[in-house]
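So for the sequence shown, our numbering puts the first residue at 18; every next one is plus one.
Quick caveat, the hints were computed from the structure, so don't treat them as lab data. Check the hints yourself; a few may be wrong.
[Said to hold, decoys possible] Once the Cα atoms are required to be at most 25 angstroms apart in a straight line, the calculated SDA-like pairs of lysine to any residue come out as: (1) Lys184 - Arg140; (2) Lys156 - Leu201; (3) Lys73 - Gln125; (4) Lys184 - Ala199.
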Amino acid sequence: MNKKGLFIAIICFVGFLAIAYIGYNSLSPSYSQKNIDSQGDNSQSKDSNNSSSKDKEKDFVVYDENLNKVKLSDYIGKPVVVNFWASWCKPCQEEMPLFNELSSKYKQDQLVVLMVNMTDGQRETINTAKKFISDNNYKMNVLYDKDSTAAVNYTIESIPRTLFIDKDGYIVKDYMGEITKAELNNEIKSLLSD
Numbered sequence: 018m019n020k021k022g023l024f025i026a027i028i029c030f031v032g033f034l035a036i037a038y039i040g041y042n043s044l045s046p047s048y049s050q051k052n053i054d055s056q057g058d059n060s061q062s063k064d065s066n067n068s069s070s071k072d073k074e075k076d077f078v079v080y081d082e083n084l085n086k087v088k089l090s091d092y093i094g095k096p097v098v099v100n101f102w103a104s105w106c107k108p109c110q111e112e113m114p115l116f117n118e119l120s121s122k123y124k125q126d127q128l129v130v131l132m133v134n135m136t137d138g139q140r141e142t143i144n145t146a147k148k149f150i151s152d153n154n155y156k157m158n159v160l161y162d163k164d165s166t167a168a169v170n171y172t173i174e175s176i177p178r179t180l181f182i183d184k185d186g187y188i189v190k191d192y193m194g195e196i197t198k199a200e201l202n203n204e205i206k207s208l209l210s211d
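All chains, please: the whole structure from these sequences, using the hints.
Structure representation (structure tokens):
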């Protein structure tokens, strides 16, 4: 191959790589649900006890079982617990009985418990989540993040993750990882005493 042919081949190859790179970046979603990992024993929490350092909740739209839109801001005025989970997540499975018990213990006007399923349509679908809830006879307020707005707004990189939001819409605790019964009860007690 002469120098001119080699030069043209290199230019074509570089052009192909550039087009592939641009195409990949433009077609890939800004947030990939596949990157959500489950977090077991690596629990972390971020306290926001000082009212000046509390973060305001970030609103999102999720869907109920009938695919009606539900917004987090619909619950301002009530303390809210938001748990992000998926049926394939082992630590999520372990803490589900705690949230089921919590959901039945408090009336909706005392405490709102929202179980936000990380529904990506591939690894987790609405049907797989519904089957998991049904198979375990859970009676919780399950919502589906099928558009990933909640996951994006809260930068969900691992699950389970639990947010404790006061009646004024401020996050008082952001708990990452599997929560224990004692930790959950302490956070609820603190949340309801505000």
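We went through each hint and held it up to the structure:
no.: 1; hint: Lys184 - Arg140; in the structure: 34 angstroms, violated
no.: 2; hint: Lys156 - Leu201; in the structure: 18 angstroms, holds
no.: 3; hint: Lys73 - Gln125; in the structure: 21 angstroms, holds
no.: 4; hint: Lys184 - Ala199; in the structure: 22 angstroms, holds
This entry does not satisfy hint 1, going by the numbered hints stated previously; all others are met.
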